[in-house]
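Given two chains presented individually in distinct reference frames, assemble the corresponding complex, making use of the accompanying hints.
Going down the list, the protein sequences come from chains W and C. If you're matching positions, the first sequence starts at 51 in this note's numbering and goes up one per residue. If you're matching positions, the second sequence starts at 279 in this note's numbering and goes up one per residue.
It should be emphasised that the hints constitute simulated quantities derived from the structure, not laboratory data. Do not take every clue at face value.
Listed next, the in silico SDA-like pairs over lysine to any residue satisfying Cα-Cα at most 25 Å (straight line) [unchecked claim]:
{"#": "1", "chain 1": "W", "residue 1": "K357", "chain 2": "W", "residue 2": "G274"}
{"#": "2", "chain 1": "W", "residue 1": "K180", "chain 2": "C", "residue 2": "I658"}
{"#": "3", "chain 1": "W", "residue 1": "K278", "chain 2": "W", "residue 2": "L361"}
{"#": "4", "chain 1": "W", "residue 1": "K350", "chain 2": "C", "residue 2": "N312"}
{"#": "5", "chain 1": "C", "residue 1": "K304", "chain 2": "W", "residue 2": "Y185"}
{"#": "6", "chain 1": "C", "residue 1": "K304", "chain 2": "W", "residue 2": "L181"}
Listed next, the stretches of chain W that the computed footprint assigns to chain C, with coverage defined by at least 3 CB atoms under 8 Å from CB atoms of chain C [stated by the list, open to error]:
{"#": "7", "segment": "78-91"}
{"#": "8", "segment": "418-427"}
{"#": "9", "segment": "431-438"}
From the three backbone atoms N, C-alpha and C, an ideal C-beta is built for every residue, glycine too.
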Amino acid sequence: MELTETHKPMTQFSDREKTPFWRDARFLRIAVQALVVILVVVLISVLMGNLNQSLRQQGRQFNFSFLFNEAGFNIGESLIPYTPNDRYYWAFVVGLVNTLRLILVGFVLTTVLGVIAGIASFSENWLLRKLSQVYVELVRNIPLLLQLFIWYFGVYYTLSAPPPGTNQPNDVLFGLAFTSRRGIAIPWPANTATSFVSLVLLIAALVTAVLLWRWRLKLMEEQGTSGKPQLIAMGVLGAVGLLLLVVGLGWQVPQLNQVGEPEGGLRLSLEYTAVLSALVFYTGAFIAEIVRAGIQAVSKGQWEAAKALGLRSGLVMQLVVFPQALRVIIPALNSQYMNLAKNSSLALAIGYPDIFSSATTALNQSGRAVEVMTLIAITYLVINLVISVLMNTLNRTVQIKER
Amino acid sequence: MTTTLPPSSSNAPPITQVGPIAWMRKNLFSNWLNSLLTVIILTTLLNLLVSFLGWATTTAQWQVVPANWSLYFAGRYPAAQFWRLFTVLGLIAALSGLTWGVLVRNVPKLFDRNVLIGVAIVAVITVLLPTPLPYRLVLLGIEALLLGSAWIGKKIGRAKPVVGQWLPFVWFLSFFVVLWLIAGGFGLPTVSTSLWGGLLLTVFMSVVSIVLCFPLGVALALGRQSSLPVVRWLSILYIEIIRGIPLIAILFIGQNMIPLFLPQGVRPDNILRGIIGLTLFSSAYLAENVRGGLQAIPKGQTEAANALGLNPLLVTSLIVLPQALKISIPAIVGQFISLFQDTTLLSIVGIIDLLGITRSILANPQFIGRYWEAYTFIGIIYWLFCYAMSWGSRRLERQLNTGH
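Chain C on its own, in the form it takes in the complex (with noise of 0.2 Å):
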């Protein structure tokens, strides 16, 4: 038996499909449901938005934030010695820069319209700072900087290819010249490490903790993997353990208990112990990443480069890590954000990073109760890393997809 089903006449014809009233009729007031939704989501984020929009301008003292710039990105360092930061800030815009025109310097146009808008709303937010003239001056100086030397850095990648890498090399040297400007020594007057603090001593120690907690975790990944047991049960004893622990339970052990395992006498600087503890930690989560990695990668790449002779040690790192190491970027840029993240329970342990300073900033009289003001700048000041990182790690990834 069939049936045939009546020609569908009695459809009203589509009203629009194309237009802005179109898409709000698609999506947001598709039916009943979807309309009540999108009307009580627009009241309540309305409500929100005016609220937050007078309180910001009328209610909010924001001189919390002005009147503590030194103190949010320096810590108490010394003013008389900022030019140090400074430089260290133009070298560190300098390198970037030279990177950046080299890796990319086979695109035709470097500075591209997305690029100069980008360019063009860093400046002019710095041109509005509330700070000293100088201040604005320099600031505009390194980003022309960045700007001179990524174009160099094209030139210069255009000319001679190898120059590409040999940067890592510079960026390793640079790091102890870097260390050299902020701590002193060598014919600069030294500053000592409990001057540090703020933005420089949060991103100062998730820096070296990061740099110190990839290799070790990506050691630990391969003793879980390796065939000696002694290696793997001993790496695995090792991440699970710590991956079972709080993070502020290992800053504590850091700062309490380092100087009773250490001989008598040795007690390592506040620092140094938060990133002993920091570097522990991540490396256990930063060797499960890894591991995922490791464990993606099909046994027949191994079996290939043993069959072509290879020794075990030129397998791992010559075939199997770079291919585990690229398919784990997002996690372990996930996990660098995390870490950098996590620099902030050192405020708890009595070491003043940003937050900490923050915390300290609020406890003067003078800024009592200013918490949404100084939250809010700290806040956006985080978030502006960690999604630059997220992005930054977006871009690599597809910069190194190599798939079809």
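So that you can see chain W by itself, here it is in the shape it has in the complex (with noise of 0.2 Å):
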């Protein structure tokens, strides 16, 4: 060693070679991430150790059998079928449904207002396009845990109450629509044979007539035909769609019995209606403003070639801008969706019964506080997931295919 050490002539080499470890690249990399590793095993078992300490002194174990002990507590509203008698977990599914049940009909409600209310914002029309801002502007500034308040307390509960000397439902939509506190009667298909045959025939003339149109287009843009034909078929098939639509269905008005009790139609109830009110309104205003700034992201040229085509503003809108904005809004669209499904368990606060409502009951009821934040933990990040895989297979169809 020393040999070599004297005879070498001191080069730039051996004065790398003799880098001290505290100061070398590799080394470095390395300690750091095992003190963080310790740190972390260190920090975990020092509250799994707590954590099994409290539990031996509770006299409880972590394990999930109470899963299958009588749940015991009343569920408002359900869609399938459960007593008190059921078993615990049967009460986390009938949650897990009603939550589903919230979601997704505002996962269509929220992108519909949202999507309007973003375009609405481009409008020509000044007046609708301040609507718009101020609906942005109010609802993304006041906590949605308030307006769910409103929603229940000052909109829904106030609609219900019965009129003054009269234990009737309100009529709040000339004879349509009544509410009372046990929920809102709406008008709705009737559950018949004839209107789920009327239904399936309906999305079959949605799906022919969007096979149609392209079909129609490919016609205009390869050989140059008129498309005529293929126009007044879209109308005949648009009026049979019609007729379906009104007729077919069967549609139920809700009529007041001799009680003064609505019967038919759908009945929802007031918590249901309020959760996915405020949800719907405060995420929609989140999508206006992604609509809106995917709509600014389109190039201004992109406006102004269609419009040098002669294209009408709407149709500018329709088939040149808003395909391209697309492609920006749909990935930020997939947070907005998160948002609402996380922003679904505020329904605790005013008694709907979702699955967190469940959970909580649960929790207090068996005072197994850790399994069952587990599982809400893991429900709603399985939710979470599918949502992300979904949004993210669908923006892979909307996006550019580049080779």
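If you want it as structure tokens, here you go:
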């Protein structure tokens, strides 16, 4: 060793060999990571040790066997049969179904509202533009929970107060919808075979119309035909569809019976309607901003080129700008849908029995905080994962195919 | 083959191109669809406005607001100690004035027309508030203090521009003074945190959570971008798990499970548990916002800094992070605004913030059913705070904008 050292001239190479280990990047990288791992492991083991000790002191063990005990609490509304004699796991499933019912309807309505509000901020109509801006500024700057209380106590609870002196439900839409403390009754298709067949036919008509439209465009582009026959066919299809929609579905309008209770139609509880309204209007404002940003991201040249081709401003938006804006909009929508799904847990505050509310009742009854909260966390993580995967798939179909 | 267009002499001459009528033709009645929309919207809005005004002036019983002033603003804070809260307000006003003055020291006129109009509006509102006279006088005094210290701040800023660098430190110190004034101890009678409430608690919790979640969020963002796999994967794990769970679940975990994870007998304060929950939640979102900024910094910046011989710590703290934070200001402030709004969820887990105190006021038989009055009032408060924050962020963005 010494021999080589003395014989070797002091080159840069040997200099680097003698770099002390505390300045060696390779060593430092490993050391820092090892330190982080040790810290995290120590932290987790201390926390877990404390948890074990606390649980042992309360005479409990971490397991999920309580899920098969009798739940014993009532759930206000559910789409699937449930009685207090059912097990805890079934109470969770009922809550999950209620949550899904909330967020799936919420996704559709909030997207419609948000897209309309976002496009409205580019309207030629000054009033509509301002209305859209005021909506966004107002709703985004007020906490969701406060809005939920306003919808529930301020709007629906007040609307459903029985008129003085009577016990009748309120007629809120020219005899089409009634509100009472027991819920809101709205017109809804009848639950018969005819209406089911009509629904299937309606969907088939819609699919045919889309295919027909594509075929027409293809013919017009490739063969230069006028596209008139297809247009007439679509008109006929539209008329049939309208007929199916109005007559075939067998709409049932709620009617008051002798006791003064609305019968027929669909009855939604006040809690469900309030949570849905709050979520839809709150998320809609954020989606409106995303849509606005997406449309602004489309370069001005696209607008001008489309206008120069003689398209009306409605068609410019529909055919040229919006499809391009979608590429910016869809990735951002993902997080808004996830927010809506997570915010649906606020339903607890006004007593809509979603999964979180079932879980907290179960927690209070069984005292199994760790297990219940683990279940809740996993449920919401899975819901968000599914949303994420679906939206990413949708995103791939919309993005420009590059090679 | 060429075709010549006929001269467009058949077009009617334009009627007017300026003036309100032309404006209305262009913006409200440009075609039949627009006219229809205008009419529908106008009728609906007028209808709503008339019924709201009718309600607000006749049916509404606004008594629920002035009868509970102190509850809305300070919760059950003992009335004998209110002077401490006013002192806090005065201290913050003086510091804000100084900061404002120092920041705009190069503007020729400190109190231009817009500022004067704003000051006048605030003063008129203060005078008209239905509170005892001494409170109004104190509030006017605090406003005067703000303006006075702004003037002093400008003078000082002109004379000694170095002062600006010391302001963050002064703000940092002021936090402890404020904490001492609110909580007591060291000569002042102690006020237990269970008595804090209303807007005081909302603002306190959001400020503390914002201050705590900022460094944590930046650290997580850097961790997620780190080249060390262990650090990166731990950061990703934390961020994604927290972002997948609703805040209310995290607050429940905070309330029910933090005591389980701690040694026997250690039971943190209710409010502290709330702050921990909010901070852990917000830092994950903040990390994503900062990451957006970090990714926007071109790689050339890092390489240039490396070439200058800076070590990784300096590269990050002097070159990359300042630029990344500047880009992500709008997103960060947006996150702070949602954190401020998220404090309302604490009312579900039994902390009496502004929304929580409003719910207990509404549960009082005397004010039962006065939902619209109370919710409108606190809605305005929340709106003002959030709007002020986003306005401030836009100002800050313009101030820091060094692009051309």
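Numbered hints the structure breaks, given as an ascending list: none
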